[in-house]
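Make a model of the complete structure from these sequences and hints.
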Amino acid sequence: MAGESIVVVDDDRVIQGMVSGYLTRSGYRVRLASNGIEALDLIHEQLPDMVLTDSRMPELNGVELTARLRGSFRTARVPIIMFSELTQIEDALVGYSAGADEYLPKPFELAILGAKIQALLRRAAPRPLGGSRGKIVLFAHAKGGVGTTSLVVNLAVLLGKMTPGLIGLLDLDVEFGDAATLLDLQPASTLADLRAAPGDEIDGGLFDRFVTDGGRIRLVVGADVPERAGLVTLPAVQLAIDRLSTLCDYVLIDAPASFAERTLAALDASDLVCLVTSASLPALRATRACLAMLLKLRLPPARIRVILNHATEQPMDVESASVILGRRPDFVVSRAKNLDMAVNASRPLVIVHPADPFVTDLGLMAEGVVAALLGMGGELVTAPPPD
Numbered sequence: 089m090a091g092e093s094i095v096v097v098d099d100d101r102v103i104q105g106m107v108s109g110y111l112t113r114s115g116y117r118v119r120l121a122s123n124g125i126e127a128l129d130l131i132h133e134q135l136p137d138m139v140l141t142d143s144r145m146p147e148l149n150g151v152e153l154t155a156r157l158r159g160s161f162r163t164a165r166v167p168i169i170m171f172s173e174l175t176q177i178e179d180a181l182v183g184y185s186a187g188a189d190e191y192l193p194k195p196f197e198l199a200i201l202g203a204k205i206q207a208l209l210r211r212a213a214p215r216p217l218g219g220s221r222g223k224i225v226l227f228a229h230a231k232g233g234v235g236t237t238s239l240v241v242n243l244a245v246l247l248g249k250m251t252p253g254l255i256g257l258l259d260l261d262v263e264f265g266d267a268a269t270l271l272d273l274q275p276a277s278t279l280a281d282l283r284a285a286p287g288d289e290i291d292g293g294l295f296d297r298f299v300t301d302g303g304r305i306r307l308v309v310g311a312d313v314p315e316r317a318g319l320v321t322l323p324a325v326q327l328a329i330d331r332l333s334t335l336c337d338y339v340l341i342d343a344p345a346s347f348a349e350r351t352l353a354a355l356d357a358s359d360l361v362c363l364v365t366s367a368s369l370p371a372l373r374a375t376r377a378c379l380a381m382l383l384k385l386r387l388p389p390a391r392i393r394v395i396l397n398h399a400t401e402q403p404m405d406v407e408s409a410s411v412i413l414g415r416r417p418d419f420v421v422s423r424a425k426n427l428d429m430a431v432n433a434s435r436p437l438v439i440v441h442p443a444d445p446f447v448t449d450l451g452l453m454a455e456g457v458v459a460a461l462l463g464m465g466g467e468l469v470t471a472p473p474p475d
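In this note's numbering, the protein residues as written are 89 to 475.
A couple of the hints might just be wrong.
25 Å max Cα-Cα, derived DMTMM-like pairs, lysine to aspartate or glutamate [claimed, not checked]:
1) Lys249 with Asp301
2) Lys231 with Glu315
3) Lys194 with Glu263
4) Lys384 with Asp129
Label-pair restraints from in silico Cβ distances [to be verified]:
5) Ala212 with Gly159: 29 to 35 Å
6) Arg386 with Ser346: 16 to 22 Å
7) Glu152 with Asp301: 22 to 28 Å
No lab work stands behind these hints: they were computed from the structure.
For every residue, glycine included, the Cβ atom is placed at its ideal position computed from N, Cα and C.
Given below as structure tokens:
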């Protein structure tokens, strides 16, 4: 392997020299930091393939550094080995709880360190997908109550009729997600239950426990109750997106109204972002601000679609809404006449009332989303329209 970049963090110059010398001789590229603050600067400059950190340091110790790295979507998956003069089991558990993949008590044999580095790097290496990766579409909104979840669930059902493969649906509203309710599904496990032991891999068979079979739809939800939302980790979200994209033709992600790290992780993985708004002044103004934020995050405008969903009783007209947005919406969806009845029956509207104007507009939107994804590369096969 070798050639990978490793950041070594330790305030002990002797340990720094010993470890960096061994790694350099082994062919790794090494950068050194004396505390967590210096390490964060190095990691910000260039993302490493691995971090080795002592647990006890001034300014920002290794446990705090590890927790920060695990709390950011860009660094959540970087392998981390923690070493320490603290040798009690409780000390190791603190390191593992913060997110370390391995814990080595000092003094340690350099050969053992080298073996653990190789094992972790092999585990973290990208695997060939064995086929084309499914396209990922993130549905975001800047204000609640604009009907995003209803759009996503019904769109998933429509895409299931348009394509021969499976449709993945990830409900990232970890506090009050409704996708399972709208599909009348009862997930046995959620991402809040995805708690691998330190250093363990989640294989495909184990991950299947977190996927709920909804016919052509494969549903994964974040958490079942709000108090468990904090248990949904960034690595769990990233793993769910990866696994669903290998299993399904399309993966639709229903995100909450926030730019939290979970949403940023989904944004980073997405091929297309659909920003949903209603035709009300507060929602439109918030959506315009959200569009500006997406551009600040350097998301290419070609990857953004705006959906104007007439989810309110007295929506303004499209022209007035376009002025407030600063652009015309890409898709306009009519107010659903029968949506409340379908929701209360836990049935997708596209199944129980296929003639509803909402369903007609959603069909046009589905075709537009597919066309946009095809234009971004890749080859997705569409099935003949259903009878």
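List of violated hint numbers, smallest to largest: Failing hints, ascending: 3, 5, 7.
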